[in-house]
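Asks: Sequence:
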Amino acid sequence: MAHSHLKNISEIFAYISGAGLVQQLDKAQASLRLSLFVRWLIAIVALAISIMAFLSFFLAEPKYQITTGIITLIAIVVVLILSESFNNLSIGKILTLSNEVKKKDTEKETVKTENKELRQELFKIVSNIQQSQVNNTYNAPSDEWLKALGVVKSEDSPEDEQDEQEDQDEIKRAVQHLAERERSREKSRERSQNRRKAEQVALNKYFTQSSIPQSELIQRVEFSGSFDEIDPIMNRRVVFDGYLKSVTNERFIEVIPNTNASFMYYDRLYVMLNKIHFYREAKKINADLLLIIVDIEELDEESKRPDRSERVFDFFQPAISNKLLKVEHLKVSQKEIEEFEDNGQQRLL
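With the first letter of the sequence shown counted as 1, position 109 gets the number 109 in the UniProt record's numbering; the numbers rise by one all the way through.
Check each hint, because a few of them may be wrong.
[Claimed, not checked] Taking lysine-lysine and the DSSO-like style, the derived pairs with C-alpha atoms no more than 30 Å apart in a straight line are: (1) K104 to K197; (2) K104 to K116; (3) K245 to K323; (4) K283 to K326; (5) K326 to K284; (6) K197 to K331; (7) K335 to K197; (8) K245 to K326; (9) K335 to K323; (10) K245 to K205.
[Stated by the list, open to error] Distance windows between CB atoms, simulated: (11) E250 to N204: 17 to 25 Å; (12) K335 to N260: 42 to 50 Å; (13) E180 to N204: 34 to 42 Å; (14) V271 to A174: 39 to 47 Å; (15) A282 to Q209: 55 to 63 Å; (16) K172 to N128: 21 to 29 Å; (17) K172 to L122: 13 to 21 Å; (18) L122 to D169: 32 to 40 Å.
Calculated from the structure, these hints are not laboratory results. A quick note: this is a predicted structure, and the numbers were derived from the prediction, not measured. We treat Cβ as the ideally placed atom computed from N, Cα and C, and that holds for glycine.
Whole structure, please, built from the sequences with the hints as guidance.
Replies: Below, the structure written as structure tokens:
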């Protein structure tokens, strides 16, 4: 059946190529004959009109004058020459030159119709061939026929089952790893939020224990642009958690959990103290840094870390002696953090 379809396709292509080629040759020859005749006719008419214009310019009285008649003759010659280059030429909707436009449109429509019918026929034949190939694919030979040919289907071996089990175990381990990592990230976010709340609770607790009203506190401050050059060593932006100003003193406040007192933080603390020292020298005032170290009651054992805040007193003892640094230890429980959250929600309501 496939051979018969292929034969039909070849016959159709032969018909298309042969008939189309003959038709195109006939049309080309007819068009060439017509084109040569029209060109010779246009050339003769243009030459005659040009001679008339020449005689009118040189022999008519008065001589050597461009009259309206000469201009008209020249315009006619130009129109005749242009008529060979364009299918349709209109001058003011009065003079129109047309070159078989309607006839060519009819021929185009005929060719389009024939091509459409041929494409539909080809599509039907190709669809039948594809359908026969699909049927041959699904109609596979039976097991008895395969045995007669000396070929049998392969059975699943224990090694294949073991490999499949190992793949499933690997997928399970990967899923468990992703789940554990997501839980770790969630716990880390919870600890960070919990510590930020604890810092705010410690700040409120400090003002409650002292005689300073909390309304005088300005949170998150930094030195203005006019003091950028007070430090001759480093131009680094430093943000403090709070700022208090009294008649005799200016105090900058920094709040950290006790677990954050690392060597990297000591470098940051040194920069803070250095900025405040140059600030104090430039303004000739008393200024210091209040470092509030918060001991947070953690939610679980995994969140607990060693307390390294004791090293602050060892490393920054000169700053403490020069009244540049003051250290306060405050403990914050989970109950106080929960009360702080409840009060915050009530204020929002």
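Asks: Are the hints correct? Go through all of them and say.
Replies: Now the hints, each set against the structure:
| no. | hint | result |
| --- | --- | --- |
| 1 | K104 to K197 | violated, 86 Å |
| 2 | K104 to K116 | holds, 18 Å |
| 3 | K245 to K323 | holds, 16 Å |
| 4 | K283 to K326 | holds, 20 Å |
| 5 | K326 to K284 | holds, 19 Å |
| 6 | K197 to K331 | holds, 13 Å |
| 7 | K335 to K197 | holds, 12 Å |
| 8 | K245 to K326 | holds, 16 Å |
| 9 | K335 to K323 | violated, 34 Å |
| 10 | K245 to K205 | holds, 19 Å |
| 11 | E250 to N204: 17 to 25 Å | holds, 21 Å |
| 12 | K335 to N260: 42 to 50 Å | violated, 22 Å |
| 13 | E180 to N204: 34 to 42 Å | holds, 36 Å |
| 14 | V271 to A174: 39 to 47 Å | holds, 44 Å |
| 15 | A282 to Q209: 55 to 63 Å | violated, 32 Å |
| 16 | K172 to N128: 21 to 29 Å | violated, 50 Å |
| 17 | K172 to L122: 13 to 21 Å | violated, 54 Å |
| 18 | L122 to D169: 32 to 40 Å | violated, 54 Å |
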